[in-house]
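Listed below, chain by chain, are the residues.
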Amino acid sequence: MPTFRVSRRRLALTIFGVFAVLTLFVVRLVDIQLVQAEELTKQADARQLASVTTYGTRGSIVDTNGVVLADSVDRFDITASPKIALLSVDGFTRTNADGTVTKVSLTDAISQIARVTGADPQALYAALTKDPKSDFAYLVKAVKLSVFNKVRALHIPWVSNEPHPARTYPNGAVAGNLVGFVGTDGPQAGTELKQNSCLAGTNGTSTYQQSADYVRLPGSTVVTKPATDGGTVTLTIDSNLQWFAQQTLANQAQAVGADWGTAMIVRVSDGHIMADADYPSVDPNDRNSVGVDALGARSFTTPYEPGSIMKPATVSGLVDAGLVTAASHVDVPGRFTDGLPAGSYIKDAFPHGDMHMTVAGVIMNSSNIGIAELTKLQSEKDRYANLIKFGLGSKTSVGFLGESAGTVKTPEQVDSITTVTQQFGQGMTATSAQVASLYQTIGNDGKKVPLTLVQSCTAADGTVTYPTTGATTQVVKASTAQSVRQMMETVTTQGSLRTLINIPGYRIAAKSGTAQVADGNGYGKDYIVSVAGLIPADKPQYAVIVTLAKPDTIKTSAAAAPAYATIMKQVIKTFRIQPSTTPAPNIPVAW
Amino acid sequence: MLAQLMLSIVLADGAYQISSLQSQKHDAVLQQHALSETLDLYNSPQHLAANAEALGMVASGNAVYLDASTGAVTGTGTAAGGSLLGAGDQVSNVLLDGSMIVTAQAPSTTTTTTTTATGSGPTAGASATGSSGASQAPADTGTGGAGQAPQTPGLLPSPTTH
Chain R
6 MPTFRVSRRR
16 LALTIFGVFA
26 VLTLFVVRLV
36 DIQLVQAEEL
46 TKQADARQLA
56 SVTTYGTRGS
66 IVDTNGVVLA
76 DSVDRFDITA
86 SPKIALLSVD
96 GFTRTNADGT
106 VTKVSLTDAI
116 SQIARVTGAD
126 PQALYAALTK
136 DPKSDFAYLV
146 KAVKLSVFNK
156 VRALHIPWVS
166 NEPHPARTYP
176 NGAVAGNLVG
186 FVGTDGPQAG
196 TELKQNSCLA
206 GTNGTSTYQQ
216 SADYVRLPGS
226 TVVTKPATDG
236 GTVTLTIDSN
246 LQWFAQQTLA
256 NQAQAVGADW
266 GTAMIVRVSD
276 GHIMADADYP
286 SVDPNDRNSV
296 GVDALGARSF
306 TTPYEPGSIM
316 KPATVSGLVD
326 AGLVTAASHV
336 DVPGRFTDGL
346 PAGSYIKDAF
356 PHGDMHMTVA
366 GVIMNSSNIG
376 IAELTKLQSE
386 KDRYANLIKF
396 GLGSKTSVGF
406 LGESAGTVKT
416 PEQVDSITTV
426 TQQFGQGMTA
436 TSAQVASLYQ
446 TIGNDGKKVP
456 LTLVQSCTAA
466 DGTVTYPTTG
476 ATTQVVKAST
486 AQSVRQMMET
496 VTTQGSLRTL
506 INIPGYRIAA
516 KSGTAQVADG
526 NGYGKDYIVS
536 VAGLIPADKP
546 QYAVIVTLAK
556 PDTIKTSAAA
566 APAYATIMKQ
576 VIKTFRIQPS
586 TTPAPNIPVA
596 W
Chain U
198 MLAQLMLSIV
208 LADGAYQISS
218 LQSQKHDAVL
228 QQHALSETLD
238 LYNSPQHLAA
248 NAEALGMVAS
258 GNAVYLDAST
268 GAVTGTGTAA
278 GGSLLGAGDQ
288 VSNVLLDGSM
298 IVTAQAPSTT
308 TTTTTTATGS
318 GPTAGASATG
328 SSGASQAPAD
338 TGTGGAGQAP
348 QTPGLLPSPT
358 TH
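Chains R and U supply the protein sequences, listed in that same order. Quick note: the first sequence, position 409, residue 414 per my numbering, numbers continuous. Quick note: the second sequence, position 162, residue 359 per my numbering, numbers continuous.
It is worth saying that the hints were derived from the structure and are not from the lab. Hints may contain errors.
[Stated by the list, open to error] Simulated pairs of lysine to aspartate or glutamate, EDC-like, Cα-Cα distance not exceeding 20 Å:
#1 Lys-394/R to Asp-275/R
#2 Lys-386/R to Asp-353/R
#3 Lys-578/R to Asp-264/U
#4 Lys-560/R to Asp-524/R
#5 Lys-146/R to Asp-79/R
#6 Lys-482/R to Glu-167/R
#7 Lys-88/R to Asp-113/R
#8 Lys-149/R to Glu-234/U
#9 Lys-222/U to Glu-167/R
#10 Lys-155/R to Asp-224/U
#11 Lys-47/R to Asp-36/R
#12 Lys-352/R to Glu-378/R
#13 Lys-452/R to Asp-325/R
#14 Lys-222/U to Asp-325/R
#15 Lys-146/R to Asp-136/R
#16 Lys-155/R to Glu-234/U
#17 Lys-155/R to Asp-275/R
#18 Lys-146/R to Glu-234/U
#19 Lys-230/R to Asp-466/R
#20 Lys-149/R to Asp-224/U
#21 Lys-578/R to Asp-224/U
#22 Lys-149/R to Asp-294/U
#23 Lys-222/U to Asp-234/R
[Unchecked claim] The following residues of chain U were derived to be distant from chain R, with all beta-carbon distances above 12 Å:
#24 Met-198
#25 Ala-200
#26 Leu-245
#27 Ala-251
#28 Gly-253
#29 Met-254
#30 Gly-268
#31 Val-291
#32 Gly-295
#33 Ser-296
#34 Ile-298
#35 Val-299
[To be verified] Beta-carbon label-pair distances, calculated as ranges:
#36 Ala-260/R to Tyr-239/U: 49 to 57 Å
#37 Tyr-213/U to Leu-159/R: 23 to 31 Å
#38 Gly-404/R to Ile-215/U: 44 to 52 Å
#39 Leu-204/U to Ser-202/R: 44 to 52 Å
#40 Gly-278/U to Ala-595/R: 33 to 41 Å
Owing to the predicted nature of the structure, the values given are computational and were not obtained by experimental measurement. Glycine residues also receive a C-beta, built at the ideal position from the N, C-alpha and C atoms.
Same shape as in the complex, but just chain R (with noise of 0.2 Å):
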């Protein structure tokens, strides 16, 4: 009996072990497997799972020909461990590709890496030595591929890399005043700020399991996020007529000695921007080249005061009007006083008695008289309705970064002497791209196309969109632009400028202005001086427009003459545009 008992007493013994332990077992599988589950599996997939970050590509900005304005490029920063580095000065040995053996020390290394970046030795012990128990230092940021394959080659075990998308602009200051650049923070002007929505693109992860020597475990790809790259912006411009534009610009305002200039060259039947060149002008490989003002585009930011080539606007809606013709008769007198206040006048640029000019003849003399003299035929409603019409005081449609809308006073805002002279571009303000959009719209028959610079932008998966620039309007009837035209072929054939300005065998119908620039003091010495020219006159394809601001040595339209004629046969030559067949029609000039 006591036998069994004790052997009752083992088995309940046993039996409460066994379960005990089973009991210890079951907690323990509740608790991995399902209460810690959630932090296990991180664990796991942290020893596993690789995350790795796939850049979206910045897209590139390129000319209308597709020629490269703005590119992303790969950049490598070589990177070290100086904990691996500063283990032993003895260095590290190196396999050769001959199988030969050889040791490095540090200074071997540190020296070889100088060598073949171009870093300062100094430098790179400096950084290395900075914090001897880090993992991680910069050597040197932003290598090209090919100094990067150099160090890699080296193998010196200690050394890494990370990439380093950068931003390089291949025709330096060919248009860079409309590309605008990137900086360390983004993009910070023109086409590269403006149309950032286009450029950018976005970065993906991707993560997948690897093995011990990070290689991805077959099968096990996860993309989690696909990175998008960025879509290319086509601009309107030409990038070697936009070139030759800059450096003859360039030219010219050193030669006469401009604080600034503008040449702009638009195509008359869609407006669109085939170079606009500004004096001193950013390559945005370098943005330090220049001063803080010209990191843009004048052409649309500076407003100033055009003067004379303002008035085929006026004269346009004159002759729009039916109050004159190219032909009708003006008096002019050697001042213009009606209607000013007393001691005030108007006079021309050259002194001169009573003359008899048709309004031919007050375009190609440019006189101011003459235009002050016609101003009393109209309205002063009608006049600034006018202004308007042709795009003045409101920002043309390419919305550039910073634009001006200049300024043109309204009838309720106008004094008596600026209702008169802000029909010649003296008492309001334009930019250049504004006095562009007037010829186009001239030279378009009347048809005011909106200023384009984006031509479209082309998304990474192909799909192109192109900007919304406005709607197209009728400024004035086609027979009054036509008959515009004629009056300013004068100038090319008569004016003063005809032997800067006129390029034989074609027919071109030019204008020139040399507005007095105020300088809070009334008007000064100093001149904003412009010639617009569109060619052919009987049918114009394109429109020149070249501004310069405060010459020194020449204070006239004529010295931004050379500059228009150098481009208006570049031109020629760039569009292949054919000689006139027909001579220009020998409108009367005086009567």
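Since the structure of chain R is already known, use the hints to place chain U on it.
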């Protein structure tokens, strides 16, 4: 069991192959980027103009047109326009340096520069660049255009083109 083992070996081997090929592709893409970056720089107007002038080329004058159907010539020709970079390159490009400009070798005999060689566009280039052009990409047209023509500097190659 054996089949599964083999399958898994093949898969693993493939993974290494993929990894290696992807790294090769990555390197090739980087190489392509670097080369097109250099090409874009060579293509810049500043570089082309400076090299063209270094080789003695000048801008053309007014364009003259020949109407192929009537044989009529329109337009008023003018003398060649001369140097565009006379006052220096005004459009800066810090990426370019002087080393990218070819040096025109003076002809060893006392003959001809490009101006007297009018009418033979590509061959004139060949005579001007001669052997110096071979190392520089933009001048390659010179050697290409010469064909089997004699390479003696200073002598105009005999015309082998149509």
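Outcome of the hint check:
1. Lys-394/R to Asp-275/R: It holds: about 18 Å lies between the C-alpha atoms, which stays within 20 Å.
2. Lys-386/R to Asp-353/R: violated, 25 Å
3. Lys-578/R to Asp-264/U: holds, 16 Å
4. Lys-560/R to Asp-524/R: With Cα atoms ~16 Å apart, Lys-560/R and Asp-524/R stay inside 20 Å; holds.
5. Lys-146/R to Asp-79/R: holds, 12 Å
6. Lys-482/R to Glu-167/R: violated, 63 Å
7. Lys-88/R to Asp-113/R: holds, 17 Å
8. Lys-149/R to Glu-234/U: Holds: Lys-149/R and Glu-234/U sit about 10 Å apart, inside 20 Å.
9. Lys-222/U to Glu-167/R: holds, 18 Å
10. Lys-155/R to Asp-224/U: holds, 14 Å
11. Lys-47/R to Asp-36/R: At roughly 15 Å apart (the allowed maximum being 20 Å), Asp-36/R and Lys-47/R satisfy the hint.
12. Lys-352/R to Glu-378/R: Holds, because 12 Å separates the two Cα atoms, which is no more than 20 Å.
13. Lys-452/R to Asp-325/R: Holds. Lys-452/R to Asp-325/R sits at ~13 Å (cutoff 20 Å).
14. Lys-222/U to Asp-325/R: Distance of about 66 Å is beyond 20 Å: violated.
15. Lys-146/R to Asp-136/R: Status holds; Cα separation ~18 Å.
16. Lys-155/R to Glu-234/U: holds, 18 Å
17. Lys-155/R to Asp-275/R: Violated, because 51 Å separates the two Cα atoms, which is more than 20 Å.
18. Lys-146/R to Glu-234/U: Within the cut-off at roughly 19 Å; holds.
19. Lys-230/R to Asp-466/R: The hint holds at about 17 Å.
20. Lys-149/R to Asp-224/U: The given pair, whose Cα atoms are some 13 Å apart, holds under the 20 Å limit.
21. Lys-578/R to Asp-224/U: violated, 43 Å
22. Lys-149/R to Asp-294/U: holds, 16 Å
23. Lys-222/U to Asp-234/R: holds, 18 Å
24. Met-198: holds, 19 Å
25. Ala-200: Holds: least Cβ distance 16 Å, greater than 12 Å.
26. Leu-245: Not fine: 9 Å to the nearest Cβ puts Leu-245/U too close to chain R.
27. Ala-251: holds, 16 Å
28. Gly-253: Nearest chain R Cβ is 19 Å from Gly-253/U, so the label holds.
29. Met-254: holds, 15 Å
30. Gly-268: holds, 16 Å
31. Val-291: Incorrect as stated: the minimum Cβ-Cβ distance to chain R is 4 Å, not above 12 Å.
32. Gly-295: holds, 14 Å
33. Ser-296: Consistent with the label, Ser-296/U stays out of reach of chain R, its closest Cβ about 15 Å off (over 12 Å).
34. Ile-298: holds, 15 Å
35. Val-299: Holds, since 19 Å exceeds 12 Å.
36. Ala-260/R to Tyr-239/U: 49 to 57 Å: violated, 30 Å
37. Tyr-213/U to Leu-159/R: 23 to 31 Å: Hint holds: Cβ distance 26 Å, inside 23 to 31 Å.
38. Gly-404/R to Ile-215/U: 44 to 52 Å: holds, 48 Å
39. Leu-204/U to Ser-202/R: 44 to 52 Å: holds, 48 Å
40. Gly-278/U to Ala-595/R: 33 to 41 Å: holds, 37 Å
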